[in-house]
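S.K.: In the order they appear, the protein sequences are chains A and B.
Quick note on the working numbering: the first sequence kicks off at 1 and runs consecutively.
Quick note on the working numbering: the second sequence kicks off at 1 and runs consecutively.
Please keep in mind that the hints were generated in silico from the structure rather than gathered at the bench.
Just so you know, nobody snuck in bad clues.
Heads up, the list lumps identical chains together, so a pair's fine if it works in one copy or across two of them.
Restricting the straight-line Cα-Cα distance to at most 20 angstroms, the calculated cross-link-like pairs of lysine to aspartate or glutamate (DMTMM-like) are:
{"no.": "1", "residue 1": "49", "residue 2": "307"}
{"no.": "2", "residue 1": "49", "residue 2": "151"}
{"no.": "3", "residue 1": "244", "residue 2": "104"}
{"no.": "4", "residue 1": "244", "residue 2": "130"}
{"no.": "5", "residue 1": "49", "residue 2": "194"}
{"no.": "6", "residue 1": "143", "residue 2": "115"}
{"no.": "7", "residue 1": "143", "residue 2": "194"}
{"no.": "8", "residue 1": "143", "residue 2": "157"}
2 protein chains.
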Amino acid sequence: MLIKILGSAAGGGLPQVNCTCCNCAAVRRGDPGIAARTQSSLAVSADGKVWTLLNASPDIRQQLAAMHEFAPDPDKGPRSSPVEAVVLTNGDLDHVAGLLSLREGIRFTLYASREVLAALDVNTVFDVLDRAVVHRSALTAGKSAKLCNGDRELGLEVESFTVPGKVALYLENAAAGPGLGTREGDTLGLRITDPRSGAAFFYIPGCATVDAALASRLRGASLVLFDGTLFTDDEMIALGLSSKTGRRMGHISMSGEEGSLAAFASLGVARKVYTHINNSNPALREGSPERRTAEAAGWEIAYDGMEIRL
Amino acid sequence: MLIKILGSAAGGGLPQVNCTCCNCAAVRRGDPGIAARTQSSLAVSADGKVWTLLNASPDIRQQLAAMHEFAPDPDKGPRSSPVEAVVLTNGDLDHVAGLLSLREGIRFTLYASREVLAALDVNTVFDVLDRAVVHRSALTAGKSAKLCNGDRELGLEVESFTVPGKVALYLENAAAGPGLGTREGDTLGLRITDPRSGAAFFYIPGCATVDAALASRLRGASLVLFDGTLFTDDEMIALGLSSKTGRRMGHISMSGEEGSLAAFASLGVARKVYTHINNSNPALREGSPERRTAEAAGWEIAYDGMEIRL
Numbered sequence: 001m002l003i004k005i006l007g008s009a010a011g012g013g014l015p016q017v018n019c020t021c022c023n024c025a026a027v028r029r030g031d032p033g034i035a036a037r038t039q040s041s042l043a044v045s046a047d048g049k050v051w052t053l054l055n056a057s058p059d060i061r062q063q064l065a066a067m068h069e070f071a072p073d074p075d076k077g078p079r080s081s082p083v084e085a086v087v088l089t090n091g092d093l094d095h096v097a098g099l100l101s102l103r104e105g106i107r108f109t110l111y112a113s114r115e116v117l118a119a120l121d122v123n124t125v126f127d128v129l130d131r132a133v134v135h136r137s138a139l140t141a142g143k144s145a146k147l148c149n150g151d152r153e154l155g156l157e158v159e160s161f162t163v164p165g166k167v168a169l170y171l172e173n174a175a176a177g178p179g180l181g182t183r184e185g186d187t188l189g190l191r192i193t194d195p196r197s198g199a200a201f202f203y204i205p206g207c208a209t210v211d212a213a214l215a216s217r218l219r220g221a222s223l224v225l226f227d228g229t230l231f232t233d234d235e236m237i238a239l240g241l242s243s244k245t246g247r248r249m250g251h252i253s254m255s256g257e258e259g260s261l262a263a264f265a266s267l268g269v270a271r272k273v274y275t276h277i278n279n280s281n282p283a284l285r286e287g288s289p290e291r292r293t294a295e296a297a298g299w300e301i302a303y304d305g306m307e308i309r310l
Numbered sequence: 001m002l003i004k005i006l007g008s009a010a011g012g013g014l015p016q017v018n019c020t021c022c023n024c025a026a027v028r029r030g031d032p033g034i035a036a037r038t039q040s041s042l043a044v045s046a047d048g049k050v051w052t053l054l055n056a057s058p059d060i061r062q063q064l065a066a067m068h069e070f071a072p073d074p075d076k077g078p079r080s081s082p083v084e085a086v087v088l089t090n091g092d093l094d095h096v097a098g099l100l101s102l103r104e105g106i107r108f109t110l111y112a113s114r115e116v117l118a119a120l121d122v123n124t125v126f127d128v129l130d131r132a133v134v135h136r137s138a139l140t141a142g143k144s145a146k147l148c149n150g151d152r153e154l155g156l157e158v159e160s161f162t163v164p165g166k167v168a169l170y171l172e173n174a175a176a177g178p179g180l181g182t183r184e185g186d187t188l189g190l191r192i193t194d195p196r197s198g199a200a201f202f203y204i205p206g207c208a209t210v211d212a213a214l215a216s217r218l219r220g221a222s223l224v225l226f227d228g229t230l231f232t233d234d235e236m237i238a239l240g241l242s243s244k245t246g247r248r249m250g251h252i253s254m255s256g257e258e259g260s261l262a263a264f265a266s267l268g269v270a271r272k273v274y275t276h277i278n279n280s281n282p283a284l285r286e287g288s289p290e291r292r293t294a295e296a297a298g299w300e301i302a303y304d305g306m307e308i309r310l
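Chain A on its own, in the form it takes in the complex:
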């Protein structure tokens, strides 16, 4: 199983168009030790030829063009794509907007929860994905499904499960957004398995807290790619970037008693990679105290183009 990180940043990317925080400014200057990052998405393949995307970020066109694996095969005619499936973990714009760039007749299967598919259905702009070529398939939390494109099996299985998400909509700022993915239960984690080899990994780019059920599920995993949005729960408030804590946005912080560093300390996960990292996160800077803290705890910080073989 081959995994490519297409984008490792949280919504807005690094740099974010309107942000002057020290990380965004450093990337604009071309400082060493911190690389530009596009918005979070990952591609996985059983054979290195046919790919499934986990989330479709607004940067998808740039991401697919940057890596030769995703170029269409000239032997397959004038139009084709190695992208044969897309799995969504929620309805956040930074996870679904890229679907609008997969509109040129690419034949794939779109997997998401029933609620997210319904949210896409009522937004007619997504009808640009012609149902004759883009089949929708509902994921049922707790169940496993073979990833397919039409009749063809892609050689991987996906299991989805709900993870702690944002606070209930009625507690949110009314102006918070389009009402997608803001209810408890709307955020999924994924476990992708190659049934031939038994290799498996977890992809959880958004998660508000590691509760007992999630800890139990992840214990002893060989690879977890996990929500690395913030280092400190109130870092966006401290930097003057937002009025919201991480938890209120549905994102656990790395640090703190209830943070992910502490939560994973005793789970025995063989390889732990932070992704979906917000531009405000000081762990993005190589050599920073926060980066060293994460690395000392056995975590890697994902970067665009990162490749993992399982």
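Go by the hints and put chain B onto chain A.
M.R.: Okay, now just chain B, sitting in the frame of chain A:
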């Protein structure tokens, strides 16, 4: 007045993720004489500091990050943007999807026809543009309006006018898309004027034919940026990329008796620039017979980052 071409390609860009045509293949190989292009959008400014975007392409994040003019000013606090207005010429996805990337609290005015604003209204995904910070302003065809952001005038005026567009919806393939911008009258041309200097230009990235009214309007203009989608009306059919002619997609071809080269021949336009150029168009290749034909007729081929001062 300063004009920057953010993106000069038609929908899909160059290379297009699923296309193996000779232009897309050449760009992937890094061949000389043909440059990658993002999807069509243009930025204009009266002072080089405050910018108005004409259309918001899906590539907007990459486009704004690529040019220093669009970096936020650190003196304006942790979050700001020099983008203060966006004007849409129609509801095509390659012109509106980028709005979803202007969601991080950027305060701007969104100008579009009443019909396009209504189409955005019924797609709740665009509610991510908080109405408290993104004011919607309807353009009335044939009328001129001062571009503003809140109370602040941006120093430019926009006049919009309908141009010949796609065939009526009932003639279109029912699966053609989201139903935006597919009716006669839904496609606008824009004339942007700097009232201080009197400098003015036309931006017409989509236009099915140059009729008498449009010819009369453009006669003697100092600058027209015009629909350069296709060189030949049936080139996408000939390349096996599509079953549609250019005209059916709402795009005049460069060549042919009714093409734009012929239509502009006697209009006395001082500077003519093709933009919104499809990846199939052979005029994208420097030195090609089609490129030489366009250049001999006084046309320039836009490229990403192209700058024009008026």
